[in-house]
Amino acid sequence: MTWRVLVADDEELIRAGLRVLIAADPEFEVVGEASDGVSALSQVRSLKPDLVLMDVRMPRVDGIEATRHLLSKVSPPPKVVVITTFQNDEYVYEALRAGASGFLLKRARPAELIQALKLVAQGDSLLFPAAIRQLAANFGARTGDTLSARLTERESQVLRLMAEGLTNAEIAARLYLGVETVKTHVGGVLAKLGARDRIQAVIMAYESGFLRH
Amino acid sequence: MRILRRWLYLIIGGALLMPFIVLVTVLLGSNRSLMEGVVNADLLYFAAALPLAAVAGFFPLARTIEVPMARAMLGDRAQAVDPAGRGDRGRVALYWLAHVGLGGVVSAMTLAIPPAAVIMVLMPFAADLGWRQHPPWVDALGGFAPVAGIALLAGLVLAAVGAGEALARLAPTLLGPSAHDRIATLRRTAEQLAERNRLARELHDSVGHTLSVVILQASAASAVLDTDLEFARKALSHIEETAREAQSELDDVLGMLRETPRLRHILGRSGLQVDAAVAGDETRIPPQVAHELHQILREGLTNIIRHAGQVPARLRLDIRDAELEMTLSNPLGRGSSRVAGGRGLQGIRERVSVLRGELAFGVPDEEWVLKVKLPLGGPS
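Protein chains in written order, with this note's numbering: chain G, 1 to 213; chain R, 1 to 380.
Here chain R stands alone, though its shape is the one from the complex:
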């Protein structure tokens, strides 16, 4: 099965080469003086199409096409290739070239060899079959024609298997992550680690600490219950208070776990310089509202980068009793004053309407302003 999948992968490579073959055939083939004296035109077209195909391999699309296909069809080694990241353009182009080049050769062999081999194998019965004319190269083989036919078929299988194996070996190296990708992965891992450490510290300081207090107060109270009733009574009330606090802190930490990408985190990742001010208690925002708010903010920031570029932005978050209001504003970038449209804005509109909030945007005064009001009760 793997052999067939790889074979098919090679034939797809040949198919990817076809447009370039057609192109050079039209360009070169139409020019008679150029093609004068050329014995094997097909080989020439093939050779001329390869550099063109290689150029196409430099486009990012090449990796987008190659990685999933290689993972699905080449098996084992190629499955290690991580589809995320951009890869190294030069190496991807080289792989693309190898795929379409080997694919072109194997495709041509796959088309040509089986019919030829059938003819060769049947040569001894040519008279019975009523074949009058045969190509001169078949005659030259004489009685060896069937053997040569079988050898050709074996050669085809060998070529397909060999080319498939070669691509499977090349894929992890050539399609793998570039230095840039590796750095990005490392940075992501470091960020996640920092976030986890922060949560661990949070748990350590809140729940761990208060439980220690509860344990020690309870142990002490039971040790002196008969001798110092006053201490025991106080200890019980401390335990009650401390446990209550611990639970509320646990609530906060769990909230953070569920909703890790908090405001600051999102602002930090956007790469924009954002002057942020929050009025009110952020922890009062219910998880689902917080989630949507974060998505809205993310889309808002993306819109700023897309339409105005790297401009300083301003964020105001006002958390009141029954609703929150978020205002995101930025100076207009050069040559951009689009007011409506955009997929980002559409996304924001949908999120706001799900939460039965209000959305307003526009350019009241040389500044693009996005204003979102969300009820704190969550969706009703």
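The following block holds chain G by itself, in its conformation from the complex:
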């Protein structure tokens, strides 16, 4: 089975480059291209891709708005990976807050690009711990939410390790727990915070002051 990908970017040459790179891997198929947010939304509805590669700055409806819309209005929603020229970009942060599964730099090597898309397609987040910490420090709001009061001791530990970019298996090894137990704790954290995925949970942890930048 192949993963169906939609590429959304306002620059035709970027779309063409991405299309060729992604199509070169037998696991992926590029089913469509969109040059702005409006077209991305309508193509997602008609083509039902598994993955959307979304540029953040686009005319008409930008990538943040399109991501927000896709994830709340389309069922089942595709995974969204943000593609960006610069890592330290407020738009990237907003797209992650809106629920994107991660971001990729346009300068990423082809192998990294494919590897990242596979991870996301399988349901993982692209959580780059240092990048998220920096983004939250530069663009994060201060919610003043008191997370520690709502989380159990174990859940707090798990959230801290999630922010370090550890997988469930790694967290399990670190805390001498079973992977299933860790999954339960992660689920507990996401549910209590109302987070879609690990990235959103970590962002909330930074914004509430639960984690220091």
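Simulated from the structure, these hints should not be mistaken for laboratory data.
Any given hint might turn out to be false.
Restricting the straight-line Cα-Cα distance to at most 20 Å, the calculated cross-link-like pairs of lysine to aspartate or glutamate (EDC-like) are [stated by the list, open to error]: (1) G:Lys73 / G:Asp62; (2) R:Lys234 / G:Glu11; (3) R:Lys234 / G:Glu12; (4) R:Lys371 / R:Glu323.
Residues from chain R that keep clear of chain G, each with C-beta distances beyond 12 Å, as calculated [stated by the list, open to error]: (5) Ile3; (6) Asp139; (7) Ile239.
Note that beta-carbon positions come from the ideal geometry of N, C-alpha and C, so glycine has one too.
Use these hints to put chain R onto chain G, whose structure you have.
Below, chain R alone, put in the same frame as chain G:
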């Protein structure tokens, strides 16, 4: 060393008070009936001179004099005072008063105490030195005179150190920026920040974006080089074109970095309402010509404000193949029709002649017109 510098600073304060002392001495001292029964006239003069000196402290010059002097001579704390800005007049006057007041006292002590102390210390040897007459207060001290003399000297040093320290502590608060200064600083910082953000955006949009295109096209081309030669060939030509564009955009952004105060910026800062029209490509102006042009415009706008006040002005900038022509005109203000002179106009003339341009000005029709032509080749 610091003690001596501060001491000298206090003595300068005393010197600044002197003209006022002389003034009240002449005013009061010449009036015999007024001075009748006054026991210590010097103290009275000192007290009367202080309010006059305080009035002088309200002039802007007071801060201009005090800030560099305080920074240079008081050390540490006073060095934090920013010479820019106007400061708060009331606070500056208070500082001025403290400086000349304490300075006056310490100066008087510095003049009077050392000779007196020497006499007191030498009292035991008065007979050997052949001193026949001495002031009654020295006699009263008897054998304690040398000790009292040394105590007086110590008191002088203490007074100088204490007064210097007091002024050093007062300086940052009293000479520091006023609310108005702080706002001006904030506004400047905000303007610089906005300018930097604009440049960052410019770089992001131009160079950052085009490099992404180059990277992706190159990656894709090398991925399909064996299978899709046509794509690879096209990608190479896209890369070439895009890189070329990027370089030209980089040129523009760098030009902006070198020459940040662009036309609009200058117009915006002048506070005048200027109707501006630019014909031709502004980016074709070489950096040095642009720099001079901006200075000329700035001086022209300053002249308008100085001679005509807040009148609406008109700017025409015409960029042609080999030269540019700038025309700045404004309606004459009330009661002003000076045609030549002015330092501003002299400055403009010098700039124009360096660039081998032409300058014309005058009042052809109820309007002051300044016309500058500059060759675009730069100075030859």
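State the violated hints by number, sorted upward, taking the hints as numbered earlier in the document.
7
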